[in-house]
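Participant: Letter by letter, the chains look like this.
Protein chains: 2
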Amino acid sequence: MKASVFVATSLDGYIARADGSIDWLEDASAETGEDYGFRRFFSSVDTLVMGRNTFETVLSFEKWPYGDKPVAVLSSRLTKAPEDSPKSVEVMSGSPEEVVQRLSARGAKHLYVDGGLTIQRFLQAGLIQSLTISKIPILLGSGIPLFGPLSKDVRLRHVRTQSYPSGLVQSEYEVLQ
Amino acid sequence: MKASVFVATSLDGYIARADGSIDWLEDASAETGEDYGFRRFFSSVDTLVMGRNTFETVLSFEKWPYGDKPVAVLSSRLTKAPEDSPKSVEVMSGSPEEVVQRLSARGAKHLYVDGGLTIQRFLQAGLIQSLTISKIPILLGSGIPLFGPLSKDVRLRHVRTQSYPSGLVQSEYEVLQ
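Protein sequences, first through last, are from chains L and R. Counting in this note's numbering, the first sequence runs from 894 upward without gaps. Counting in this note's numbering, the second sequence runs from 894 upward without gaps.
These aren't lab readings, by the way, just hints derived from the structure by calculation. Hints should not be assumed to be uniformly reliable.
The following label-pair restraints were derived from C-beta to C-beta distances [to be verified]:
{"#": "1", "chain 1": "R", "residue 1": "Glu-990", "chain 2": "L", "residue 2": "Ser-969", "range": "45 to 51 Å"}
{"#": "2", "chain 1": "L", "residue 1": "Met-894", "chain 2": "R", "residue 2": "Ala-1018", "range": "46 to 52 Å"}
{"#": "3", "chain 1": "R", "residue 1": "Lys-895", "chain 2": "L", "residue 2": "Phe-954", "range": "41 to 47 Å"}
{"#": "4", "chain 1": "L", "residue 1": "Leu-1043", "chain 2": "R", "residue 2": "Met-894", "range": "35 to 41 Å"}
So these bits of chain R aren't anywhere near chain L, every CB distance computed over 10 Å [unchecked claim]:
{"#": "5", "residue": "Glu-919"}
{"#": "6", "residue": "Ser-937"}
{"#": "7", "residue": "Ala-1018"}
{"#": "8", "residue": "Gln-1070"}
Per the computed footprint, the stretches of chain L lying under chain R, defined by three or more beta-carbons under 8 Å from a beta-carbon of chain R, are [stated by the list, open to error]:
{"#": "9", "stretch": "898 to 908"}
{"#": "10", "stretch": "1045 to 1055"}
Built from N, CA and C at the ideal position, the CB exists for glycine as well.
Based on the provided sequences and hints, a complete structural model is requested.
Facilitator: In structure tokens form, the structure reads like this:
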């Protein structure tokens, strides 16, 4: 089992403004058809794991972006998926370790872990193997941070970095446990 | 007059641990003689501007690293430089605008602005034109952040990115005002 993060942040490390908006992110990618490797990454994962906040943001999009790929929504409050959710969505609670075990028992091989707090919890639990971070050339000054507290340093191995004409700089790291 | 930042951070955006230590940074560069472009950058600036905290850290180093290049130490508490300071050090107070005006009046053409809070104040005042940030492949989880609150978005133009065998990734940005 492998778990990966693929996420865009401002240069100062925010994945969204404090109110959740990602207007600054859309600005940066709207001009080109460039997908910054997302489709290739997405086709390599078999299951998504995200927190409730991220799920609700995605559910508000005009079109559900994940096809019929299974999505585990982590929540201690929800007991089941909202009525308007795709059938591929399942609500789960429990620790990152429990979630990974449950998904692994069903045959999941490569998780796409998304959402600030969920990424932080999985990193802290040592359950992320790969980080791909796309830096947008903007400083927001405040917002929802990608990274959070850790009980110890997490060492990384730089795999590759690529910059794009839009100014986006994407770096991939392997997490060294 | 131009002002530039040239700084290393952890992947999660810290310039030092909470206690000011940069052991994780020394780890990353000790193995090679690589200076990541620092000498070239340093030779392009004529005056350094830093906060008292950064100054005191640098003063504790075995060797003063800035030769006889003028250093303005910003402090509202100190009135003059400590006895053991090099003659090139001068204590200043005042807003970033006032400091830039004073140094400019003396003929300074290119400032090297250093230290977390000082960088944040100069950025917030719109007085930084160039940012060169070297990302070290480590997550610290906490510490002294490079970036801080801003009253509005700061848009940047990506100039170049270079990665090194050590895993350090250096990106240069121009600040768009």
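Participant: If a hint holds in the structure, say so; if it doesn't, say that too.
Facilitator: Verification of the supplied hints:
1. Glu-990/R - Ser-969/L: 45 to 51 Å: holds, 49 Å
2. Met-894/L - Ala-1018/R: 46 to 52 Å: holds, 49 Å
3. Lys-895/R - Phe-954/L: 41 to 47 Å: holds, 43 Å
4. Leu-1043/L - Met-894/R: 35 to 41 Å: holds, 40 Å
5. Glu-919: Holds, since 14 Å exceeds 10 Å.
6. Ser-937: holds, 22 Å
7. Ala-1018: holds, 13 Å
8. Gln-1070: holds, 12 Å
9. 898 to 908: holds (count 3)
10. 1045 to 1055: holds (count 9)
Violated hints: none; the structure is consistent with every hint.
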